[in-house]
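> Make the complex out of the two chains shown on their own, each in a separate frame, by following the hints.
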Amino acid sequence: MNTETAAVANSGLMLLLCTIPIVIVTIQAIIFLVRAYREAGNMGISVETRKKVILNSAVFSIVPSLPIIIIMAVLMPALGKYLPWLRLSVIGSAFYENMAADMAVKAFGLSGIADTGLTPSIFVSVTWVMTLGVLMYPLANIFFLKRYDRGIKQMQSKGGFMVKAIPAMFLGLMAAYVGPYIANYKNYMTIVAVAASGILVFSLSAIAKKSGQSWLNEFSFPLSLVGGMAAAIILTPILT
Amino acid sequence: MSTKEKKTKVELSAYQKQIHTFGRVTNIIAVAALIAVPLMLSLISGIPIDLGLTVKGFIGIGSLMGVMVIVEFMSYAPILGAGATYLTFITGNTMNMKLPAAKSSVRLAGVEETSPEAEIISTMAVAVSSLVTIIILLVGLFGLNFLLPVLQNPVLKPGFDNLMPALMGAMGLPVLVKSLKEASVPVIIAIILTLIMGYAAFSRIVSMALPAFMAIAVAWSYVIYRRDLKKKEQS
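Protein sequence lines, in the order shown, are assigned to chains A and B.
For the first sequence, position 30 matches number 30 in the numbering used here, and the numbering has no gaps at all.
Quick note: to get the numbering used here, add 1000 to the position in the second sequence (first position is 1).
Excised from the complex, chain B in its bound form (with noise of 0.2 Å):
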């Protein structure tokens, strides 16, 4: 037997293999739609496109966007889990609302958070925002001459134009403090290099250093983890 064998294959549960299954089903039958919309586009209209520059406007915006796919599937996929992933990558938006909804939905649900409940609460999270997400913009489509001088009123704006720290304090500032031995070195690093680039250069870096980030905290983590075993030993 080959040690490849010998190795026990972990077995996804009944309920995993079906969020699998209809994962790729519906991810599949979502692209075809999605190619179906310039596709039937140009045959019924049958308006000619230059193919050289669509090509070069696609090669700039897929290679783009394919660095960006790598990364935050590396990144994203763990954290949320199976089911929230496939509902995450094909509606968007995911830092501004699908972690956050699923992230403070396991904290609210009180469930351990690498756990299968915990992958079935960001499901339920991400399914629920991804629906909110549609209805709004369905509402947004119809009412916009309505709501629009609200959401533009510049009483709002500075609200709107720090949605995102809101946001990242509600949801990282518990995370943070609450394993404050962990996350020193990261949080540390990112301010470090916030001061020395600035913060509008630091910010359009940070998604494709989100790896890097990962990895220094695996690593900061994994030393703590071992000091604490030895002091546990010697103890």
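Next up, chain A with everything else stripped away, as it sits in the complex (with noise of 0.2 Å):
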């Protein structure tokens, strides 16, 4: 990125316009959580199970936020501070950002993200196809979710094979998801980290019952996650 093109990118302005929606999702995260909390209140889910999800769901982003720093960081010298940041922050994909800048700046005729020819106009544009590309996913929310929500809740309402159909969809996403990992012969570390992450959810469960250490199966998922991570680690320079 060329002088020019940074002193945009990395300007007062553009920390303030970025900072604007996170601050927005981040409120929004906020009284949602809050309106949740206490509905599962007057559900009756006691307290303690309230805030054990929560601790779960802490925990366990914890490590899977972990990579997008370092897309961030990726992303970072091509299109400076802050654009990475909010696109990473709001409707961010780890997946799929590094390939939507490339894709962006590709349009406008450089090699890719890194290419120095990136002069303010073109990065006033990638800005543009950025943040409106995925303007999609809460236009869906707004006009579609409502509508879908009640249909589905109507689906489910006539009993029968209905209520089994949403789980069966999930079914369905997890074969989809987890079928590669463990066929994957030729990286054959997919399958060890399949295997002792999906090994350890079902002993840490296992032990927790039997020894009545309950923290064992409140952090099971996160645990399992990382177990499945450090097998990688360790058997990686073992075995290949």
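Treat the hints as calculated values from the structure; they're not laboratory data.
There may be inaccurate statements among the hints.
What the hints assert, rightly or not - Take a look, some chain B residues computed to stay more than 10 Å from chain A by CB distance:
| id | residue |
| --- | --- |
| 1 | K1230 |
| 2 | K1231 |
| 3 | K1232 |
| 4 | E1233 |
| 5 | S1235 |
To be verified - Computed cross-link-like contacts, DSS-like style, restricted to lysine-lysine with a CA-CA straight-line distance of at most 25 Å:
| id | chain 1 | residue 1 | chain 2 | residue 2 |
| --- | --- | --- | --- | --- |
| 6 | B | K1056 | B | K1017 |
| 7 | A | K164 | B | K1009 |
| 8 | B | K1230 | A | K158 |
| 9 | B | K1157 | A | K158 |
| 10 | A | K209 | A | K51 |
| 11 | A | K51 | A | K210 |
| 12 | B | K1231 | B | K1181 |
| 13 | A | K158 | B | K1056 |
| 14 | B | K1017 | A | K106 |
| 15 | B | K1181 | A | K164 |
| 16 | A | K146 | A | K164 |
| 17 | B | K1157 | A | K186 |
| 18 | B | K1178 | B | K1231 |
A virtual CB, placed ideally from N, CA and C, is assigned to each residue, including glycine.
Take a look at the structure:
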């Protein structure tokens, strides 16, 4: 990124503009959390269970957030500090953001995000493209979610198989994601990671039940995730 | 009275109605704030842009995102529930964070998967998960020089490379094992397709193939449901 573009990308204006949506989304998450927490109480879900849920989600979310920092660092030399921060904090996807940035700059005839020919004009265009390109997600929420939600609830109210349809959808989703990892015999580290974390989840729950150490069950999910990753770290130098 | 009117409509609870109102309003505000970023940047900085190329770039990303949004919206919304979907589709990182946070929390709370309680637990889990990511990225923004050497340490690389398989093992295996009969056909199809197409090729199309996998899983579950029902009737 040349100095002229960097001056725009890292300007106070850019910091301010990117901070606003992030603050709004933060407030939104807090409102939803408070509202759901209270409603859970109204429904008879104990304070203890609610606290467990919050702690589980918070502890679990730390590890998958870390690679997002790496992606932010990859995008920063090309797009400045604040645009990657915004794009990964709001409707961000660790998988697609790199690709989206790359596609956006290539439309301007550059070789990729590392191209030093990124002018202030192209930077502003990339900001347009990267910001508007993802708006369809919240627009789907605004226009279709209420109707869709009502339709789903209507379907479930019929009882019988309809109650089982959504858990079945989830099974299909899991099959599509887990299947390739367990069949990846060429890079069997994915098999190791799936197996290690899967076995850990079962084992930790069983140990928790037998020993009465309920905290093990409460942290079984994040611990298993870290365990699966640790298995890959330990076994990669030995097996590959 | 028409047949349409005869159907009893499901009434959303006061909480559910409120969530839809909150969700819509906050999403509209967020959309406006997002549009304001390039708009104000253009207006205040006065930097001219090539409109033709910008539109071309937008069409490229927009068409890809458009397909993804339809697939993800149809697939994830029923599983997450409304409250969690409003948050997930504005904060992102569905498969690698929001869905696992929601599903593991529902399991931990011990509530029925499709119950109103599960919907509320999912909303709480996704809200917390969103806040954690926002905080970590804020720390990352200011502490990058300190964090990056640790995160990019070659020793840790195989761990981060295998984050998704580890995540899927912890989230997916218990679910698949618990419903082994219903899961068998979709899992076998995924394995066969991976072996035929190769891991890399199948991974590229997997997010687009989700509706097909969901349809197969629902159809196969229905076959099992009918068979079990018949068995029950006969006994």
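> Take the hints in turn and mark each one as holding or not.
The hints, checked one at a time:
No Cβ of chain A approaches the Cβ of K1230 of chain B within 10 Å, the least distance being about 13 Å, so the stated non-interface status holds. Even its closest Cβ contact with chain A, about 15 Å, leaves K1231 of chain B beyond 10 Å, as expected for a residue assigned away from the interface. The non-interface label for K1232 of chain B is consistent with chain A: the shortest C-beta to C-beta separation is roughly 13 Å, beyond 10 Å. Every CB of chain A is more than 10 Å from the CB of E1233 of chain B (nearest about 14 Å), matching its label as outside the interface.
For S1235 of chain B, the condition that its CB be more than 10 Å from all CB atoms of chain A holds, with the nearest at approximately 19 Å. For a cut-off of 25 Å, the pair hint linking K1056 of chain B to K1017 of chain B is broken: about 39 Å separates their Cα positions. Under the criterion of a C-alpha separation no larger than 25 Å, the hint pairing K164 of chain A with K1009 of chain B is consistent with the structure, at around 20 Å. Under the criterion of a C-alpha separation no larger than 25 Å, the hint pairing K1230 of chain B with K158 of chain A is consistent with the structure, at around 20 Å.
Between the alpha carbons of K1157 of chain B and K158 of chain A the distance comes to roughly 49 Å, so the proposed pair goes past 25 Å and is violated. Distance check on the hinted pair: K209 of chain A and K51 of chain A sit about 20 Å apart at the alpha-carbon level, within 25 Å; holds. Note on K51 of chain A and K210 of chain A: the hinted pairing holds, with a Cα-Cα distance of about 23 Å set against a maximum of 25 Å. For the hint pairing K1231 of chain B with K1181 of chain B, the CA-to-CA distance comes to about 16 Å; that is within 25 Å, so the pair holds.
For the hint linking K158 of chain A to K1056 of chain B, the alpha-carbon distance of about 47 Å lies beyond 25 Å, and the restraint is violated. Between the alpha carbons of K1017 of chain B and K106 of chain A the distance comes to roughly 44 Å, so the proposed pair goes past 25 Å and is violated. A C-alpha spacing of about 14 Å is found between K1181 of chain B and K164 of chain A, which places the hinted pair at or below 25 Å, so the restraint holds. Annotation: proposed proximity of K146 of chain A to K164 of chain A holds, straight-line Cα distance about 21 Å (limit 25 Å).
Of the supplied pair hints, the one linking K1157 of chain B and K186 of chain A holds, its CA atoms being roughly 18 Å apart against a limit of 25 Å. About 21 Å separates the Cα atoms of K1178 of chain B and K1231 of chain B, which keeps this hinted pair within 25 Å; it holds.
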